[in-house]
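> By the UniProt record's numbering, the letter at position 237 of the sequence shown is numbered 237, and the numbering carries on one by one without gaps.
For the record, the hints were derived by calculation from the structure and aren't laboratory data.
A portion of the hints provided could be inaccurate.
Simulated crosslink set (DSS-like; lysine-lysine; CA at most 30 Å straight-line) [to be verified]:
| # | residue 1 | residue 2 |
| --- | --- | --- |
| 1 | K294 | K358 |
| 2 | K305 | K292 |
| 3 | K207 | K358 |
| 4 | K207 | K305 |
| 5 | K477 | K294 |
| 6 | K305 | K262 |
| 7 | K262 | K207 |
| 8 | K292 | K149 |
| 9 | K294 | K305 |
| 10 | K292 | K207 |
| 11 | K305 | K477 |
| 12 | K262 | K149 |
The following label-pair restraints were derived from C-beta to C-beta distances [as the list claims (entries may be wrong)]:
| # | residue 1 | residue 2 | range |
| --- | --- | --- | --- |
| 13 | N43 | C316 | 25 to 33 Å |
| 14 | R64 | E128 | 18 to 26 Å |
| 15 | A163 | I227 | 54 to 62 Å |
Glycine included, each C-beta is placed from N, C-alpha and C at the ideal position.
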Amino acid sequence: MVEPMEIYRIGEIKNGVKERQTNKDPVTSTSDGSRVSIIGTGNFARALAKRLARNGYSVVCGSRYPNRRNLALYDDTLADVRVTSVETALHHADLVFLALPAPATVNTLTPFTESTAEKVLVDVSNPEKKDLQKTMSSNAEFVASSFPKAYVVKAFNTMSAYAIENDYGSGVRTVYVAGDDEAACSKVRDLTSAIGFIPVQFGRLSKSAELEAMQRELFGSWTVPLILSAVVFTAWLAYDIWRIHIIGGGQWARLPLSTMNKVVGATAITQLALCFLAGGVAGIVQIINGTKHKRFPGWLDRWMKMRKELGVLSLCLAAVHCIMCLAHLSPEYYPGWYHVTRVPLMGANGTMVMVPVKYEHKWEGQSVIGMGVVALCFMSVVGLTSLPEVGSHMTFLQWRFIQSYLGHVTLVATAAHVVLKIAPKWANNGRHLGHKLPPGMVEPDTTMTFFSILLPLFTIFLRLVLALPPIGWYIDKIRAGWERNQSKDDVQA
Numbered sequence: 001m002v003e004p005m006e007i008y009r010i011g012e013i014k015n016g017v018k019e020r021q022t023n024k025d026p027v028t029s030t031s032d033g034s035r036v037s038i039i040g041t042g043n044f045a046r047a048l049a050k051r052l053a054r055n056g057y058s059v060v061c062g063s064r065y066p067n068r069r070n071l072a073l074y075d076d077t078l079a080d081v082r083v084t085s086v087e088t089a090l091h092h093a094d095l096v097f098l099a100l101p102a103p104a105t106v107n108t109l110t111p112f113t114e115s116t117a118e119k120v121l122v123d124v125s126n127p128e129k130k131d132l133q134k135t136m137s138s139n140a141e142f143v144a145s146s147f148p149k150a151y152v153v154k155a156f157n158t159m160s161a162y163a164i165e166n167d168y169g170s171g172v173r174t175v176y177v178a179g180d181d182e183a184a185c186s187k188v189r190d191l192t193s194a195i196g197f198i199p200v201q202f203g204r205l206s207k208s209a210e211l212e213a214m215q216r217e218l219f220g221s222w223t224v225p226l227i228l229s230a231v232v233f234t235a236w237l238a239y240d241i242w243r244i245h246i247i248g249g250g251q252w253a254r255l256p257l258s259t260m261n262k263v264v265g266a267t268a269i270t271q272l273a274l275c276f277l278a279g280g281v282a283g284i285v286q287i288i289n290g291t292k293h294k295r296f297p298g299w300l301d302r303w304m305k306m307r308k309e310l311g312v313l314s315l316c317l318a319a320v321h322c323i324m325c326l327a328h329l330s331p332e333y334y335p336g337w338y339h340v341t342r343v344p345l346m347g348a349n350g351t352m353v354m355v356p357v358k359y360e361h362k363w364e365g366q367s368v369i370g371m372g373v374v375a376l377c378f379m380s381v382v383g384l385t386s387l388p389e390v391g392s393h394m395t396f397l398q399w400r401f402i403q404s405y406l407g408h409v410t411l412v413a414t415a416a417h418v419v420l421k422i423a424p425k426w427a428n429n430g431r432h433l434g435h436k437l438p439p440g441m442v443e444p445d446t447t448m449t450f451f452s453i454l455l456p457l458f459t460i461f462l463r464l465v466l467a468l469p470p471i472g473w474y475i476d477k478i479r480a481g482w483e484r485n486q487s488k489d490d491v492q493a
């Protein structure tokens with residue numbers, strides 16, 4: 001689907017984050033690093049205090065009304081966390097978390113501006129809708145401009161209170177850190193590691209606007225894939241209704257399950273084909289450009305970046321398709337898959353009636369079901385390894401083998417599943433239903449199945465063509481750094 005998320009520090013500390021060019025001295029390590037203060041007593045502040053306390057830190061929460069706050073009422077593990085005045089909390093530690101909205105933070109700390117001098121203020125807030133029109137580009141920069149003698153660092157704003165408080169798995173939990181002072185960022189990164197998270201230096205404080213923007217996106221990178229999936233689903237649904245129920249005269253009672261099952265399956269295989277077609281198109285573009293150093297067109301770049309989402313959506317739809325198949329797997333819906341044993345019985349009017357007493361799967365039914373199970377299993381493996389929690393524990397060679405080679409095998413297995421389903425119907429031209437369709441006519445549902453297999457077959461064909469030795473070697477050379485317009489001197493160099 002796409003590359004798993006790699007956890008790494010963006011540059012070394014000395015190269016990635018520069019010291020702020022001010023008259024202030026950088027934060028030193030002479031203070032007691034086990035002391036941490038939190039301004040605020042809300043859900044996020046309590047979750048952070050709980051995790052810090054569990055890891056041996058001396059935590060104090062600052063509040064404008066300390067006498068009204070008793071954290072032990074929320075959680076017994078917070079009994080040792082004192083609630084003090086804001087000024088006392090600022091004096092308690094050099095590392096202070098600001099668990100308040102940016103405007104409230106400024107209003108709360110302004111009377112104690114001198115007490116913030118030389119402190120590391122960690123802004124964890126995200127702007128509310130009413131604050132988005134501020135002249136400052138981010139909450140963190142707004143706080144930094146309000147308290148110029150402090151070292152403001154942006155961190156933890158991309159995590160929820162639940163994720164901070166609970167250890168719900170061994171997956172990667174990344175904390176992005178942004179700030180202008182190297183020592184202050186280092187102090188926050190050290191604390192982040194100490195409490196069980198993975199810090200990633202995101203850049204200077206000006207990058208905090210990007211961190212805050214992440215939280216304003218409802219679906220983020222999933223928006224376009226979801227829209228595309230909805231469009232594909234709607235197109236197949238409209239075609240299937242028109243072809244099966246309007247033109248073909250199919251029973252409308254079968255729309256919710258039988259017809260929708262075909263639509264879901266067609267959407268799943270279309271999404272899977274789009275996931276792998278992007279790589280083939282990228283190979284053609286690189287052949288045309290003769291270099292890998294020329295940027296892809298914008299549409300192709302966006303397409304390449306959403307392969308993971310397309311693949312995961314395909315996996316979800318395939319699982320739904322499987323469940324819907326099991327829900328109505330019977331000779332009534334799939335007569336061509338069953339061998340029926342009938343016995344004659346005397347009817348009420350004295351006529352002989354052939355009554356079915358036994359149903360057995362033919363090879364057609366068993367092969368279609370078996371190949372579908374294989375395809376779903378392969379797709380599940382590819383989908384799981386695209387998750388950061390799984391992919392980060394694999395070598396690049398292992399990950400590439402599963403995502404590329406096993407991924408294309410999955411597409412082949414999925415296409416084979418559809419071909420095995422449609423081939424007998426086209427070969428028999430409807431004879432398995434006990435009737436012969438007119439020449440040139442096919443069953444309404446087989447036309448949709450046929451059209452849904454065209455894009456996957458084209459994707460497989462394109463992949464095979466690009467893998468042929470002359471073309472494959474040429475693409476490998478380009479991806480290894482060779483350029484078509486290189487001079488001999490450049491090649492020797």
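> All the hints need checking, so say for each whether the structure fits it.
Here is how each hint holds up against the structure:
Restraint check: the Cα-Cα separation between K294 and K358 comes to about 64 Å, which exceeds 30 Å; the hinted pair is violated. Distance hint between K305 and K292 is fulfilled; the C-alpha atoms sit about 16 Å from each other, no more than 30 Å. Restraint check: the Cα-Cα separation between K207 and K358 comes to about 69 Å, which exceeds 30 Å; the hinted pair is violated. The suggested pairing of K207 with K305 holds, with an alpha-carbon distance near 22 Å, which does not exceed 30 Å.
Proximity of K477 to K294 is assessed by CA-CA distance (about 15 Å); at most 30 Å being required, the pair is judged to hold. The hinted pair formed by K305 and K262 meets the criterion: a straight-line CA distance of about 28 Å does not exceed 30 Å. Restraint check: the Cα-Cα separation between K262 and K207 comes to about 47 Å, which exceeds 30 Å; the hinted pair is violated. Between K292 and K149, the direct Cα distance comes to roughly 47 Å. Violation of the 30 Å bound is thereby established for this hinted pair.
For a cut-off of 30 Å, the pair hint linking K294 to K305 stands: about 17 Å separates their Cα positions. For the hint linking K292 to K207, the alpha-carbon distance of about 29 Å falls within 30 Å, and the restraint holds. Between the alpha carbons of K305 and K477 the distance comes to roughly 23 Å, so the proposed pair stays at or under 30 Å and holds. At most 30 Å may separate the alpha-carbon atoms for a hinted pair to count; K262 and K149 exceed this at roughly 65 Å.
Between N43 and C316 the C-beta distance comes to about 31 Å, which sits within the given range of 25 to 33 Å. Take R64 and E128: their Cβ atoms lie about 20 Å apart, and the range 18 to 26 Å holds. Look at A163 against I227: about 28 Å separates their beta carbons, and that is not inside 54 to 62 Å.
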